[in-house]
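Trainee: Residues per chain are reported as follows:
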Amino acid sequence: MTPTEDAPSSDSPSFDAPSSAEAPPVDPAESLALIARERANLGRELTPDPRLMYWPWGFAWLVGFTLFFLRFGPDGRVFVDLPAWLPLLTLTLLFITAGIVTGIAGGRVSRRITGPSNRQSLMYGLSWSIAFTAFSVVFAQFSSVLPEAQAGLLWAGGMVALTGALHMAGGAIWDDRNLFLLGAWTSVINIVGVLVGPGWHSLIVAVAGGGGMLVAGLIGWLRLR
Amino acid sequence: MTDHSEPGVTELDPVIHAQARLRVVSALSVLRDDDRISFPRLQESLRMTAGNLSVHLRKLEDAGYVEVTKTHHGRTPATLVRLTRRGRLAFDDYTAALRALLDPQGGS
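As you go down the protein sequences, you meet chains A and B in turn. Here the first sequence is numbered in our numbering, starting from 1 and rising by one per residue. Here the second sequence is numbered in our numbering, starting from 1001 and rising by one per residue.
One chain only, chain A, in its complex shape (with noise of 0.2 Å):
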């Protein structure tokens, strides 16, 4: 299926003409077969990279969770002691490069497009933002008031519940059944989760949640190939 030169226009459409540029494919099914194919080219060069989107996340929760767990076992445990500040900075810094290594993949992408699909991963991406500020500034209204174990299982449980929630929301967008599978099963084991209690939540949300995240980027990645 190389792209030839132009030959000359043939009059009359048929199956039967010889294979060129202006000729038509052999037959039906390879014509098929052709559009099948020139579509997955295009839609894999407009698709963001699976593994650049969910796996930099995946990692952080799976790792900062895990130290969040080790250092803040359930019932006040310490199953490792690292100092307390280890576990929130390293999320953090996760986070922050998970978020860098999205917003880079993802954008380098949506540029290749212009119209209302570039409007529409705006408002997507700010709605992120806008949410976690809100539930932000929500939850440092009441940290201080709750035992330091619940006032951690409020701050993760409401970021986890805002994740599942803005996946679902994402698949709804996109019609991408994956990514409405993730946010679903986020969204579950982390009620889960929360109900356990505190130490337990992040073991879950670490292996579950970080491991889903993990699963979600591997299925998409092997679609796309």
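Derived by calculation from the structure, the hints in this document are not laboratory data. By construction, the Cβ of each residue, glycine as well, lies at the ideal position given by its N, Cα and C atoms. Errors might be hidden in some of the hints.
What the hints assert, rightly or not - Among chain B residues calculated to face chain A with C-beta under 7 Å, some are: (1) 1023; (2) 1026; (3) 1027; (4) 1032; (5) 1034; (6) 1041; (7) 1080; (8) 1098; (9) 1102.
Please arrange chain B on chain A, whose structure you already have, making use of the hints.
Mentor: Just chain B, lined up with the frame of chain A:
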């Protein structure tokens, strides 16, 4: 394409029946309505020469299937391409006709 008894090859749209133009329209059909793609990006995806792609785009434009707009991204001029509603309909009809050719018994 309302007559779906015996859809013969003569019913196939001659504008996109040419392989190169079918490839162009197929790629553009991935874009959502009103989204545009830059000429070099489309060229890269189709692996065509710039001259070759220009020729086919002009024919598609003449048929009203694509819209080519010249604009500026900052200081650099950019050529953007989109599939028109008419082009999308033609593409949908064409693929439906191909499927009907493959499976004359099945619905169009």
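Trainee: For every hint, state whether the structure bears it out.
Mentor: Consistency of the hints with the structure:
no.	hint	in the structure
1	1023	holds, 5 Å
2	1026	holds, 4 Å
3	1027	holds, 4 Å
4	1032	holds, 6 Å
5	1034	holds, 5 Å
6	1041	holds, 5 Å
7	1080	holds, 6 Å
8	1098	holds, 4 Å
9	1102	holds, 5 Å
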